[in-house]
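Colleague: Sequence:
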Amino acid sequence: MIVLKSAREIENMKAAGELLASVHKELRKRIKPGVTTWEIDQFVEDYLKKHGATPEQKGYRNYQYATCASINDEVCHGFPRKEVLNDGDIVTIDMVVKLNGALADSAWSYAVGNISEQSQKLLDVTKEALYRGIAASVPGNRVGDIGHAIQSYVEAEGFSVVREFIGHGIGSVIHEKPDIPHYGLPGKGPRLKEGMVFTIEPMVNIGEWKTKMDSNGWTARTVDGELSAQYEHTIAITKDGPVILTEQD
414 MIVLKSAREI
424 ENMKAAGELL
434 ASVHKELRKR
444 IKPGVTTWEI
454 DQFVEDYLKK
464 HGATPEQKGY
474 RNYQYATCAS
484 INDEVCHGFP
494 RKEVLNDGDI
504 VTIDMVVKLN
514 GALADSAWSY
524 AVGNISEQSQ
534 KLLDVTKEAL
544 YRGIAASVPG
554 NRVGDIGHAI
564 QSYVEAEGFS
574 VVREFIGHGI
584 GSVIHEKPDI
594 PHYGLPGKGP
604 RLKEGMVFTI
614 EPMVNIGEWK
624 TKMDSNGWTA
634 RTVDGELSAQ
644 YEHTIAITKD
654 GPVILTEQD
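So that you can map any letter, position 170 of the sequence shown is 583 in the numbering used here, and since no number is skipped, the others follow by simple counting.
Hints in this document: simulated from the structure, not taken from any laboratory.
Incorrect hints may appear among the rest.
[Said to hold, decoys possible] If you anchor each label on the Cβ, the simulated ranges turn out as follows: (1) Tyr473 to Met414: 18 to 28 Å; (2) Lys445 to Gln531: 19 to 29 Å; (3) Thr449 to Arg604: 39 to 49 Å; (4) Val497 to Lys601: 36 to 46 Å.
These numbers were taken from a predicted model, which means no experiment stands behind them.
A virtual CB, placed ideally from N, CA and C, is assigned to each residue, including glycine.
Just need the whole structure built from these sequences, with the hints factored in.
Modeller: Encoded structure:
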C-alpha cells in the first residue's frame, strides 16, 4: 500500500531533509586524503545529536553505524572503517536522519583529492541521472518514467545502472512503497500522485551493472571491481511537481 503524506507530514520531512543536507555541506569540507570514514561517521552522529536528531539506520536490522560509507567499487552499504581515504578515491556517504519523528534519506558521492577524468565523469553522469529522474517525477507520470529517464541517459553515456538496489517510499519508517527502480519502461508501474514521498538514488557503475555481496551481509560491490557512484534525494510529489526535501543548494 502506498501511503500519501499530508502537507504537515511533508513539512516535517522537509525539516529533517534540510538538516540532512546541512550534514552533507559539512562533509564537503571534511572529506580529503588522510581522513577515515570512521571519523566521518563519528562526526555525523555527533552533529545530528547536537541538532536534536538521530541516525535512523543505526540499529536498523542490527546495522551498527550512523552512515554507510562506500568506497570505490563498493556500490552501497559499506561500513565506516579506520583505514584512511587516499587521493583518487571516490566515497559515497549515505544516511537517514530522524528529526521529531520524521525521516529523510540522502546519499552523495565525493571525490577524495584529485580523481581521474573517468571518475569525474562517473560522478557527473550519476548526479545528472538523479536530476533527470526527479524531472520525470510529476503527477500523472508513472514510476517507469523515472527509471527510463535515468537508464536511457546513463547507458547513452557508456555506464550501467545497478538493478539490485532501488529507491523507495519513505515516511515514518525507512522503506515504504512504492519501489522506485532506476531502470525500466516509460508508462509502466504505479501512477505518481500528489502526497507520495520517495527516494530516487541511482547507483551507476563504470563496468557491469551486476553486484556481489561481501561476507558481512551488507556491503555490495561491483562484480568486475570497477568504480560505482550514487546520488540520492528524498522528494515529495506535489500538484506543482516534485519538491526535493534534501536539497543542498
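Colleague: Next, verify each hint and record whether it holds.
Modeller: Cross-check of the supplied hints:
At roughly 21 Å, the beta carbons of Tyr473 and Met414 sit within the given window of 18 to 28 Å. Between Lys445 and Gln531 the beta carbon distance is about 21 Å. The supplied range of 19 to 29 Å therefore holds. Our hint of 39 to 49 Å for Thr449 and Arg604 holds, since their Cβ atoms are close to 45 Å apart. Our hint of 36 to 46 Å for Val497 and Lys601 holds, since their Cβ atoms are close to 45 Å apart.
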